[in-house]
Each structure stands twice: as C-alpha cells, then as structure tokens.
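Work from the hints to combine the two standalone chains into their complex.
As a plain string of letters, each chain reads:
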Amino acid sequence: MNGSSARPENPFSSRRTRPGALPYRSSSAESLSEKGSEKGSDPLRQGAKTSAIDVPPQGRTPFQRGSETCSEETGVVTGPLIERIMARRRTAIIGPHGSGKTTLLATLCRQLESGIAPPRTLTLAFHNDQSQAMHRGRLRAALEVAQRDRIGLVIVDGYEQLRWLARCLLNRHQRRWGYHLLVTSHRPLRSFQTIHHTSAERHVAERLLAQLLERYPAQEEAITARFPAAWDRCGGDFRKLWSLLYDDFERLIGNARGRETPRENSSLNCSGR
Amino acid sequence: MLTCSHPDGRYAPGELLVGTWQLAEVPREGMSREEIQGVEVSVLWYTEGKGDEDLAVHFFQRWNAARLEEIDVTTPQPFQTELPYSPLTYQGHLLRIRWCLRLRLFLADGRDLVTELPLTLSSARDAAEIAPRDLQ
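Protein chains in written order, with our numbering: chain H, 1 to 273; chain W, 274 to 409.
Next up, chain W with everything else stripped away, as it sits in the complex (with noise of 0.2 Å):
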C-alpha cells in the first residue's frame, strides 16, 4: 500500500512530498517473507498520448533484502523527497504529463508486482495555500 501526504494527490511545484509504502499482508497466498528479493520507491513522471513517449524518474529509492529483513514490511516505511518545479502536469489533446508514486516489489522467481499512485504537480490549487506563506 502506498499512502502520500496529501490525500489528493495534488502537489505545488518544490512542495515536500512524504509518503510511506506497507505490505499489508506478508505473507500473501503463494508468497512467502524470504521470496521478496526488493522494494522500490520511485516518484516519477511520463508523457502519454501520441508518438515517442518520455520519462523521468525524480526520487527512487531500495530497499534490498537485507535491508527488509531490518524492518517490518507491514508496518508504515517512511520516505519523502522534495518535488521540482517542472514539468507540470499537463492534459492536452496530443500529449498527456502525468505523475505518479510507484512501488515496485521484486520477487525471487524473476516477476515484479507495481502499484502507482497517481500524483498532481500543478501551480494552480496552491495559489492561494502556498504563494502568501512564500511571499512572507
């Protein structure tokens, strides 16, 4: 499970984003605690729409397996990283910039599982949240 810091995943551009990932249950049917080999946080965007496609990846981080033997998977495992200023997202006919929170859990027999988690990088709802505070 992924959860960030504001419920609607919108964000102003340098705005702090915190998080946590959880795996709610450990082990699922068929899984076992020893067969997660990794967990990867990644904070990134992409385009979508016509023609070649383009991504970036913002913040990433692993947690290998030895490390996940450190921690309690099921419990909340904080992160968080500082959002850029661009690209914004953006919804146009020919192309879209979206961003997303994306967990990717490695398993020992080769697959990966990934959940994203939308995100919203726009200038406009923090206009009057966070220009005043900035302009202090």
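Okay, chain H solo, but in the shape it has when bound (with noise of 0.2 Å):
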C-alpha cells in the first residue's frame, strides 16, 4: 500500500529490540528458580533445559496481538520470581549493561499485572544522561506518590545511577513505609536478596537473531553471517549488539549508499544507561 520506495523496517531498530519488544530469554528454567545468587552462579549455564518467556515480538502484521498476554508467559518460568519479590522486601536484579535487566523487568511487571491480586506498581528508571539533581527530583516525587497510593513495589530500573543521598533516601523510605523495592544493577547490593543474574550468552543472541529475521528471508543468510563479528565486538552487550547489526542491515538493503556511517563509530549511537 505503501509507495514502493519505502524501506523495510530495519530488524534492529530500537522499536524492535527496546527492553520489553524482545522477550528476555533465559536458557534454563532452574536460573529463574533458584535460590539466590548471591555465588555469582551464570544461570544461563545451570543445564541444556531450554525455556524461554516468550512475547510476540511488535511486529506489524494484521490483527497481531496487542498486549502481550500471552499464555506461554503465565508463570511459567517468572513465577518463582515474583514470589521472591513478594516474600522479601529488598531485591535485585544484577547483571552488565546491555545483559536484559530491564527486559526481565518488563516480563516480570507483565505478569505481575496478569496476576489474581496484582500489587500497585510504581516503577521508575535512571539514565546516566540525566543529572544527580534531576535524580532526586524524581526519585522525591515518586517517593511521595508511592506513601500517597499505598504503592504495594516499587520498581527502580538503574539503582547504581542514584547516587548515596537519594539510595539513603530511598532505603529510608521503604523501611518506613514497607513496601517491596526492587531494583537493578550492576553489581550484588549490600542489603538486597539478589534473585537474578543476567548475562548475556552468545546462544541467546542467536536464538533473538533468528527471531527478529523471521520475516526478512532475503537478508538473513547476509546479516547471520556478519554475526560473529558483531558479537565479538559488542562485548556483551545486546544494546551494542543490536546497533551494531542494525548498521550492517541499512549497508545491505542499501540505505546508506554513498554516505556509509564507519562501523568504528555506530556504536556511537547505543542509547543506555
């Protein structure tokens, strides 16, 4: 319907592979069971059992499903979780940047808002490209609105971008008004039960790989081979990864004829914390 000069939608944009678009995926069902991880264990090496929460991806065929209620996800690998989340009052998420924190997050507010008795959800998340004071600022008035609304978990995406003033000022909140806070970051966190470590695993990236190159048959075969240099120079970091794949795609389809952006600097253009 389109005029015929229209490029395909580029697999890797960040409409696709934004935290919440891809499903987080996890190779063993146990490493979302287990208990703690405070040892450091890398789950996704915890056994061959395969299990994956798996959300359609938004792509744009007719009639797709909106609102990824999916059945394959109810509490099928996220269950063990979340009743961690609710038995304790401090946890976290750990893992690098660009490992799927924030995309286990959105599984897991997902299901939490399917469930029989869904707890009021705060959740809120900091970037490194906002200021301290900006932080706080946020972080004041949600705190406000958590006490107001009776807020049942409050969710903060980004933990080790607060700075000491506001993680006292945060602690200091929940132990009062004693809701559940979980967080995320990059390392173990005194004082928080860590129930999961994410990781990114080269098996996993390939398995989200051929999954976002499900509708792209003629350009497949070109983008999975100039794979293995992708994931050998995003060091771990889907984020990277997918920006990376996302500057091949536009070379093959063309897009950039004439005015190629050089490879060293499209990880320029990772968005992230």
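Hints listed in this document are in silico derivations from the structure and should not be mistaken for laboratory results.
Just so you know, even glycine gets a beta-carbon here, dropped at the ideal spot from N, CA and C.
There's no promise every hint is true.
Per label pair, the in silico range of CB-to-CB distance [stated by the list, open to error]:
no. : chain 1 : residue 1 : chain 2 : residue 2 : range
1   : W       : D325      : H       : M86       : 27 to 35 Å
2   : H       : D149      : W       : G311      : 22 to 30 Å
3   : H       : C168      : W       : T276      : 57 to 65 Å
4   : W       : A339      : H       : G254      : 44 to 52 Å
5   : W       : E355      : H       : R175      : 53 to 61 Å
6   : H       : R89       : W       : V291      : 55 to 63 Å
7   : H       : R7        : W       : P286      : 18 to 26 Å
Here it is, written out as structure tokens:
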C-alpha cells in the first residue's frame, strides 16, 4: 500500500529491540527459580533444558495481538521470581550493561499485572544522561506518590545511577512504609537479596537474531554471516549488538549508499545507561 | 479492514485524508459481537531507528460499545482528517519517520487487536498535482 520507495523496517531498530519488545530469554528454567544468586553463578550455564518467555515481537502483521498477555508467559518461568520478590522486602536483579535486566523487568511487570491480585506498582528508571539533581527530584516525587497511593511494589531500574544520598532517601522511605523494593544494578548490593543474575550469552543472542530475522528471508543469510563479528565487538552487550547489526542491515539494503557510517562509530549511537 | 482515499497511501501536506474502517466478519471464529468493547482509529507518525523513539497522534476517534451498538460494523464507517504540514515521511540511515493509519479493536477479555495501513506524507508527488491548483 505504501509507496514503492519505502524501505523495509530495520529489524534491529529500537522499536524492535528495546526492552520489552524482545522476550527475555534464559537458557535454563532453573535459573529463574534457583534460590539466591549471591555466589555469582551463571544461570545460563546451569543446564541444557531450554525454556523461554516468548512475547510476540511488536511486528505489524494484520491483527496481531497488541497487549502481550500471552499464555506462554503466564507463570511458567517468572512465577518463582515473582514469589521471591513478594516474599522479601528488598530484592535485586544483577547484571552487566545490556544483559537484559530491563527486559526481564518488563516481563515481570506484565506478569504481575496479569496476576490475580497484582500489587500496586510504581516503576522508576534512572539513566546516566540525567543529572543527580534530576534523579533526586524524580525520586522524591515518586516516593510521595508511593506513600500517597499505598504502592505495594516500587521498582527502580538503574539503581546504580543513584548516588549515596538518593539511595539513603529511598531505603529510609522503604523501611518506613514497608513496601517491596525491586532494583536492577550492575553489581550485588548490600541489604538486597539478589534474585537473578542476567548475562548475555551467544546462543541466546543467536536465537533472538533468528527471531528478529524471521520476516526477512532475503537478508537473513547475509546478516547471520555478519553476526559473529558483531558479537565479538559488542562485548556481551545486547544493545550494542543490535546497534551494530542495525548498521549492517542498513548497508545491506543500500539505505546508507554513498554515506556509510564508519563501523567504528556505529556503537556511539547505542542508547543506554 | 482499513481503507484510505489514496490507494497508494501517499498524501500531500495539508491534504484531506478520507478513510473507512469495517470489520469483515463479526462474529469471527471464537469472537461474539458483544466481545468488541471499542474501536479506535488513529492517524499517527512515529520514528524508527536507533536510540530514543518519538511518536505523535494527529487524529484519533473512538467508537465505544454503546456507539458500536448503533452502527453496522460490517459496513464501511467513514472518518476524515486534514493532514498536517509536518513532519514529512523521511527515510534516513539513523532515523525514519513513518506515518500510518491504525485501527485498534478492544475485546472484552482485555486483549486488543491492531492493524495498520502505512501512509506517506510527502510533498514530492504532489508538486504537479497540488501546487498548480493552490497557486491559482
């Protein structure tokens, strides 16, 4: 229906690869139900049994499901995690940058919302492109809301972005009002129970790649051939991986003809904390 | 089903978009007439590319359950809107701006179904067709 000059949607665009658009995949069901992860074990190496939380990608086929309330998700893998979040006051999801923490949070939030008695939830995301003053301002406003609306679960994505003062403010408030606090961080945190470690694994990336390229048979072979080099360069950061493959895809379809972005610069366009 | 006045989906800035929607089969398999809680039609643009995303809804119209009772959803339901002058459809390396016509169907169980019709808002095609008329 569109003009013939329209370029195909890049399967690695933010729209397709942002947290929540892709499913959180783990190679082991046990990884999400194990008790505690303080020992730093890598859950993705804990067995060959494969399970995945499959949320349909946000493609644009006619009459797709629009609000990922798929039965495949329901309680299969995330159930134990949710139980542990609600059984403790302070829990954390730990993992390096671009390893899927926010994606896992998005999945957990959907699971919580579809539960029988979902807790009132407040989610805050902190990024490194915001000032500490802005962080504190947003945090104070959010804590007032949490108090006023009797929020049962406060989720803080990017806890490591908060400085000591803001963390004290948050922790004191949580102690006083007794809600559950779930945070994501790059490193384990004192006084927080680590409930899951995320890490980017090559075979998970390959599965996601295959999923992203499902509707692109013409480009699948060429992009798959470029995957190993992109994986080596991304350093286990999914965001950077998708950014590199985005550029590869653009080159492939000729959209960047005559003004190709140098490969070395492509990672600069990675958004992230 | 969504249709718009230009079969190729190409429109000029400021042009009137006339469209219709209809549900071809109601009830569909496993779906009763009462299950449809609402229908929303919107004309919007969104960015696609790397980094942050942007989106704006230019036109929005909702048919709620009561309104749907009064009409025959299997016949074309008209709507129209005058398109803005910007942003134009753009296709760059880092960023694309896409326009689309979107129909969202809300079901009683909380699910919603979405279908989209891509549009192109561009002045290039219309230089010959629109400009002479406007200049008169």
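Evaluated hints:
no.	hint	result
1	D325(W) x M86(H): 27 to 35 Å	32 Å, holds
2	D149(H) x G311(W): 22 to 30 Å	27 Å, holds
3	C168(H) x T276(W): 57 to 65 Å	59 Å, holds
4	A339(W) x G254(H): 44 to 52 Å	51 Å, holds
5	E355(W) x R175(H): 53 to 61 Å	56 Å, holds
6	R89(H) x V291(W): 55 to 63 Å	57 Å, holds
7	R7(H) x P286(W): 18 to 26 Å	21 Å, holds
The earlier numbered hints are all upheld by this structure, with none contradicted.
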